[in-house]
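Novice: Next come the chains, spelled out residue by residue.
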Amino acid sequence: MTQAAHAYAYLRPSAVLDGTDGPHLALETSGGTTPLGAVANPRFFAGFLTDPAPAAAALLAVADVAAARYHQPQLRASLDPVVTANGDRLRFESFSGCCGVYARLDVLRDGLDGDDIGHGTTNVDVNNPLREALTRIGPAEPLHLAVGPDALEVTLFDGPVVEKKVPLPERWVRGFAETQVTAASFDLRAELPAAEAVRFLRSLPRGGGRARAAAGWVVPAGRTLRPTTRPVPGAVCLPGPERLAALQRVLRHALALRVYGPVAGDGPAASAWEVVLPGMRLTLTLSPDASRGFSGEGGVLGALATGTAEQDAELVAVLLAWEPRIDVAELAEQSGLTPARVRAALTRLGTAGQIGYDTAEAAYFHRQLPYDADRAEARNPRLRAAHALVAAGAVRLAAGGALAEVTVDDHFQRVRTDEAGRVSCTCLWWAKYRGGRGPCKHALAVAVVRERALGGPGAGA
Amino acid sequence: MSGVEDLLEAVREGRTPQVPALVAALGPAERRACLPALKELRKQTRGEWSKAANARLGALLVAGAGCHAGPAGAATWIGGRDFTGRSWARHPALGEVVAAQPVEWQIEVVTRLAERRGSGWGWELYPLIERVVRRTGCPVPATDAFTTEWLDQLAAGDGRHGWARTLLESLREDAFTPVLLPRVFELADVGWRFEQRRTDRPGDSWPAALAGLAQCGVLDGADLIDRCLARLVRGGKPGDQRAFLAVLVALAPTPDAYAKQVRSLVALLDGLSVVAGHAQQVLAELDAAALVEPEVLAQASAVVLFRTEKKLVKAQLGWLDKAARRSPERAGPVVLAAAEAFGHPDTALQERALAVVARHLKAAGEAVLPELRSAAEGLNPAHHARAGELLGAPVGGDDPDTGWSELLPPAPAPAPLAEPIATPAEVAEELSALLAADRPGVAVFERTLDGLVRHARLDRAALAEALAPVLRVHPWNGVGRWHDCGPRDILYVAAAVAGQVDPHQRGTVFRAKGRSPLRGQHNTRYGNVFAARLTEAAERVTADRPPLLLATPTDATGALAAATLVDRLAGYQAAGVEPGEADLHAALLRLTVTTDQAVLAAADRLTSPAGRWTARWLREGGLPGQPSDRVRFAPGRGTGSRALHQEHWWEDLKRICVAQPGLGGGPRGPAGERLGADFRALLEGTEPSVARARQQNEWLWQPTAHWAAVLPHHREELAARWLDWFADSADRERRGAAGLVPVLAEAGGPAGPALHLALAYGLGARFPEDRTAAVDALLVLAARGDLDGALLGRELGVLVTEGTVKPSRLAQALAVAAATGAYGTVWSVLAPALPAVLPGAPVRGTADLVAVAADCARRSAARGPIAEVGEAAAGPGASRLVKEARALRDVLAG
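Quick mapping for you: the protein sequence lines, in order, are chains A and B. When we follow our numbering, the leftmost residue of the first sequence carries the number 1, and every step to the right adds one. When we follow our numbering, the leftmost residue of the second sequence carries the number 1, and every step to the right adds one.
Hints were generated in silico from the structure; no laboratory data involved. Where is the CB? At the ideal position from N, CA and C, for every residue including glycine. Careful: at least some of the hints might be erroneous.
Covered stretches of chain A, as calculated for chain B (at least 3 residues, CB under 8 angstroms) [to be verified]:
no. : stretch
1   : 122-133
2   : 188-202
3   : 229-237
4   : 282-292
5   : 424-438
The whole structure should be built from the sequences, with the hints applied where relevant.
Specialist: This is the structure we're talking about:
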């Protein structure tokens, strides 16, 4: 099997340099997009981090997640974090190699002191000397931060010095892009003050040699969170608690812990864990199981299969300009689309890595993952299987429209659509997850055929 | 025959040793000509498993290495995965062929091989690469894989000298050392190698050897120290950290060298405990020698006092104390730094911090007081009085006496079952989901069974067609000998609907003629109830097809509302359908009795026998509960050893159990009807016995929510019969059974001794998730007002005294419950338990239990001395138990 690779080209390694006015944290950038188009080594910020020690610890936590695999840890993960400048804040994102943990550090206006913050998305280099230097940063001296080389430096360099070529698994890109789909259904479920947050996070198992703990739930009780064995009302799923280990780094600086999750259902669910730091927020989003990456959640496959939103997405994409908060109503006005169509277009853009979701603000934000994410989503195995079924003419719509039969090899599955438009199927995969991980290939195939029958945009494809 | 043919022939026959000579005999063009044939042969041999194919692989490897003129192609060839199986790369012939190639070619090939990623190649290719590098003197490839393999070779000792030389000597003479050894500090997972040593000679341990290299100048000592500290600062696996700490200690940096690395040392304070301990010690020494800036102390204190390790915190407070004694002008920063420990989870350490503050407060002056006062709010209330005296202002603004209100989770709301399933397609989906689920729920099972019956009546053919895709994946194969009938056996009913089995034509099952195929030889009583219901349903959907099932509950606990059953019976009566016996009996056991006169009147109007029985059942208040008789169960001699996991384990059981007299014949209907034997068996008398304990130890079956849903209004009776399972989770450390305690807590019926004992065992369970479940149950019972704290506390006291429940586990469970705000509830349990727990030899965890009790008593404003607490508090010494007992005594005294 061939695997895509991603090439980083940094002008020099990221480093903490000693300056007369204290240490300079120079984060180097590689590739990416800005409002002006693709740039090799963009610069987004130069100034100070107002709280050096927590900022350094939080950056390390993001780097930890980028380098971690919480499932099958013997395999390596080596993709660099991604930084987005949203004009009023910097967001550092990373995604674990096992595709199950997404980390984001939002450095807000209060956490930064310096020039204007730019717009755009790029990769940042993380290396061992940088990790060591970040660990050594003390609380006392001010910390200068530069994201990207300045224009003068770019001309001084005779080509990139640090070039890395790393494998870029499709499912990793897919999972990274799709985390926001899951997160968009989250609500704030609990907020713990600093002392309780520390107590709670310390009480979690650290993993290690023992058998992996089963998915548990926590439920807000008094000032703290109580572990429970069942998804009682108000509970948040905490799947694989050892995956919150990266938060231990910032524990000392935590001001509060906020927990986000969907409405408690029957089975394990994803959840987001946000540590509030001075002028910053560090959020870890966990997949429903350590062995279950975000890439397989398939929450947007329906939208992709039918392609209704494709043209809308192109229109909306033009209007996005690295806003820190995307206002759906405003976009609807600008584009002349209904809010529902804008939302569908955003979902579509999300799968191409162009949208992130900020649970703390309950809003989408614009960023463009510096990978070819669009292609990865189109090659989703389930989607490909569905198209193959359609091509083989396996779908037969029954009269009345509610039922459809999909012939697979020597047998068939029955796909049912109820009045509310919810789809269900008789296949084993659907029986296991019941839509919790998106539609199955049979349901997708039926959706495609049905849309073609109606003469939608997918017709003739 | 040409040389090319000779070579190919030799390769085909796997004559590896002859290959080098044959290759040498060929010119460049001939060699190139060989390649396609070799590639083809390799493709054929791949995946073939025979002696000949294996030998051919070796010859292929060597011949290919000789015939590739381009180094890139050669490296790819040699590194091929198909050659690694039998380590052909270690064959001397390969070395011969490679050595015969031009030097530049050799260098290029080994450089490329060394850069290959992955751990697989190391052992096979290392000797080849090493030989070439040593022979040609080309730059040493410093890749991770090569370095790791080099380390392993060193550890194994070299072939020529064995272990005659020490590790230090080997390293000193090895030309690779200056290049590769610094790389070692960047490898992951290298620590375990450093812990191995060849012999006990001083030069044979890795840390000592590294220090030796620095001493004799092979390596730069300062550089090694930098690298070692950098590695420690970066963090990583504990094993690695410990190994590099040992290296650091062996390198023995001078105080001046350390003083240059203050930032690293402070960073280490946040690392692994043992590493932090070392850094702390070094920093304290540097501070004492005035080699570092005074602010380092405050920075270090902020990091260390936040940690949980008592040892580190104590040492830090000691350092603070010494610093202030040495130079009283530092008292200000010292007391402020020490105040960071006021919020420490361990109250003994808080006390220690308070003592340090007290000692130096005078020298620190007035300026520090406001900050100290605000920090003192984090102190445990036990220290509030002392802190108040010290700081000259009362500490602890929120008086627990006035601020307390018991926080309990809301009592669980009933979870009504969804509407009956509307279409055959949905029945198929629900069935598919039920069969695919790890643990299908009660609601899913009951609705699906009901759906099968309803739609079989409406249109059996349509239902059978809808079920087809599901039955293809799950064919009905009968029941296994060791199987207990359960929710998954609903498949039998579905198969009957589809005509795949005929429930009326029974063959011989387990040597019994006409036996239901659902009655395996080892069914439990609950399995028999399932079998009775499912067999009856299968028979009826293929015969008279009743309109619906009577026993489908209206609530996920299994409870069936009286009004609903009366309605259903009226429907049966109107349609002239006779209820199934098992269905009716199951419905009666689930019936929620009511005092609603309208429902009772409607029931009285029923004329069918089933209707009249139901009406009478309602009037008489349903199936009576059974009195619980508390019994101590200790059947054996009690060897006193931990034999609970061995043969004859039951001889060491010491349990408190419950006996119940049983139902006898059970209540009769108006025409003398009785519950079926399967149903009566559920409520037969029970008493603890070795037989029962052993039976409930079978790993095959554990109680499930489905079992509880058979008798939703008799949780006490169920708990009495399942107690051995619950006790197992505490004294025999088995996993899982306690997960059912919350289900019982949410069920109906009185909560008596059996249920409280189940809870007690759960709170003392071995596995955290079982204790979590028990805490769930405790809070649910309390929220529903069903908890008898005195009863639970007394039983816990006895179980702790018997050694069945360990105080440390109980303390953990109750601390979780208390932290949610249920202080009063937890105190109501602990107060009656303490008089039994405290006397006698102290057991590990007792102090924790008393600490939880003190906290709960204080916050729930409990008063009234307990004699045993007073005795424990008056005990000699200053152990933690005595301290905590004193704190509790003071609280209770008001």
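Novice: Now tell me if each hint is right for this structure.
Specialist: Evaluation of the provided hints:
1. With 4 residues bearing a CB less than 8 angstroms from a CB of chain B, the stretch 122-133 of chain A meets the requirement of three and the coverage assertion stands.
2. Evaluation of the coverage hint for the stretch 188-202 of chain A: fulfilled, as 3 residues show C-beta separations to chain B shorter than 8 angstroms, against a requirement of three.
3. Coverage of the stretch 229-237 of chain A by chain B holds in this model, with 4 residues showing a Cβ closer than 8 angstroms to a Cβ of that chain against a need of three.
4. Counting residues of the stretch 282-292 of chain A whose CB falls under 8 angstroms from any CB of chain B gives 0; the rule of at least 3 is not met.
5. Taking a C-beta to C-beta cut-off of 8 angstroms, the stretch 424-438 of chain A contributes 9 residues in contact with chain B, enough for the three needed, and the coverage statement holds.
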